[in-house]
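K.L.:
With chain A fixed as given, assemble chain B onto it according to the hints.
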Amino acid sequence: MELQELISEAKKGCKAAQEVLFSRLSDNFLSLCNRYVKNEADAEERMLDGFYKFFRALPQFRYESDAAVYACITRIMVNECIMQLRKKRVFNIVAEPLERDAILNEDLLDKISEAEIHVLIRKLPVGARTIFNLHAIEGCRHDEIARLLGITAGASRAQLARARALLQQSISFLKKDYENKESK
Amino acid sequence: MKIRNQNSSYTWQSRVREYDVIPNRTISTEESWNKLRERLDKVPQRKSRTWYWVAAASIVFFFVIKLVFTPGKDETLNPGFTKTHNVVKQNHQSLVPVDTLKTVANTTVETSDPGAKKPVIKPTARLQPLHSKKDSMLPETGDSVVSPAKDTPVVEEDIAQQPARLPSVHINDLINTEPLPMNISTKSLAVKRLIRLFNIDFTKDVPSKKQEGLPKSQYTIPNNQN
Numbered sequence: 001m002e003l004q005e006l007i008s009e010a011k012k013g014c015k016a017a018q019e020v021l022f023s024r025l026s027d028n029f030l031s032l033c034n035r036y037v038k039n040e041a042d043a044e045e046r047m048l049d050g051f052y053k054f055f056r057a058l059p060q061f062r063y064e065s066d067a068a069v070y071a072c073i074t075r076i077m078v079n080e081c082i083m084q085l086r087k088k089r090v091f092n093i094v095a096e097p098l099e100r101d102a103i104l105n106e107d108l109l110d111k112i113s114e115a116e117i118h119v120l121i122r123k124l125p126v127g128a129r130t131i132f133n134l135h136a137i138e139g140c141r142h143d144e145i146a147r148l149l150g151i152t153a154g155a156s157r158a159q160l161a162r163a164r165a166l167l168q169q170s171i172s173f174l175k176k177d178y179e180n181k182e183s184k
Numbered sequence: 001m002k003i004r005n006q007n008s009s010y011t012w013q014s015r016v017r018e019y020d021v022i023p024n025r026t027i028s029t030e031e032s033w034n035k036l037r038e039r040l041d042k043v044p045q046r047k048s049r050t051w052y053w054v055a056a057a058s059i060v061f062f063f064v065i066k067l068v069f070t071p072g073k074d075e076t077l078n079p080g081f082t083k084t085h086n087v088v089k090q091n092h093q094s095l096v097p098v099d100t101l102k103t104v105a106n107t108t109v110e111t112s113d114p115g116a117k118k119p120v121i122k123p124t125a126r127l128q129p130l131h132s133k134k135d136s137m138l139p140e141t142g143d144s145v146v147s148p149a150k151d152t153p154v155v156e157e158d159i160a161q162q163p164a165r166l167p168s169v170h171i172n173d174l175i176n177t178e179p180l181p182m183n184i185s186t187k188s189l190a191v192k193r194l195i196r197l198f199n200i201d202f203t204k205d206v207p208s209k210k211q212e213g214l215p216k217s218q219y220t221i222p223n224n225q226n
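Residue numbers (our numbering), protein chains in the order written: chain A, 1 to 184; chain B, 1 to 226.
The following block holds chain A by itself, in its conformation from the complex:
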């Protein structure tokens, strides 16, 4: 069953269609919430909050494309995660001097699996992790990030540079491990 049919049935109030829709999208958006919120229980709660808001607003939702549906739900999930992080007041970010952006090694990046990339991102500090997720993955600009998190654009750039530097450092460690395994 295609996504458009599922959404049209779910709008009518069909619980089976809603359940199928949830089971199809829940894993993807749970991993998204897990990138923002480290704790799995909190990530699941944020995912459920996001889907709750989506199903409540479903009667007014108009299907345009699958990408639009994913973008809409992604926006809801990201907002839920950031709201919880703001409640915990973790964005005490001080504007640091811009570091030289790390140069990513494409070859090494291709050798790393998605699960490892996911683990590397979750290991980042909360501020750098959030800004890296918003800028590098969601594609938000620094001024949008600053408005969303209540920080300055300069602090957002500094935290992004810090995230890239840390990721590069983590990737270099992985590179050594891979080289050691290949040598053996």
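I should point out that these hints are in silico values taken from the structure, not numbers from a laboratory. In this text, a Cβ means the ideal position worked out from N, Cα and C, and glycines have one as well. Every clue listed holds true.
Computed spacing ranges between beta-carbons, pair by pair:
hint	chain 1	residue 1	chain 2	residue 2	range
1	B	ILE27	A	VAL20	16 to 22 Å
2	A	SER113	B	ARG37	30 to 36 Å
3	B	THR50	A	VAL119	50 to 56 Å
4	A	CYS72	B	SER48	31 to 37 Å
5	B	TYR52	A	ASP27	42 to 48 Å
6	B	SER58	A	ARG62	42 to 48 Å
7	B	ILE27	A	ALA16	19 to 25 Å
8	B	ARG49	A	SER23	35 to 41 Å
9	B	THR29	A	SER8	20 to 26 Å
10	A	GLN4	B	SER58	50 to 56 Å
11	A	LYS88	B	LEU40	22 to 28 Å
12	A	ALA57	B	SER48	21 to 27 Å
13	B	ILE27	A	ALA165	31 to 37 Å
P.N.:
This is chain B only, laid out in the frame that chain A set:
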């Protein structure tokens, strides 16, 4: 070794967004759906706004009470009537004796309904001056200052039946039997009213400053003997 542009996020997006499996997931999809289903089945309770209505009703009630119990300017003595006053020409050189005054015809005063138009009260008698015009200090005036509208009924007022304003008199003034002096210019207004009440006649009377301040409209108390 290719070095990707450091501002490019294509690799990260493509690699991360395709990832949808969380290793060692402790919570199953069915359990998550059951939790979500329970939340969706709950009907959201609307906040009771009873106290809004109570506050609004109390404010309206307060204003209604204020409007009902606030007396108007003309309703202090006789509610429901509008009065027209005849400006009585007064002669300050000599007091007008009560015997020369014509009595007012006995008429009944009708109470007005809240919805009906207020009747205009007009005294039937006119006080005639004692002296000529030359001696008068005050200019003559015509009839009632306020002419009633055509539609409003005119009701003749019965002054005798209306409760008159009695002057405030001290008991010592009543008991005092000594003859009053001829010159009463320094006496108070209450004493002067007493003089009129007991039909005391004085041939001479020096106008005083207080007499000039006497109100123009004064209803004299009719003599019961007449």
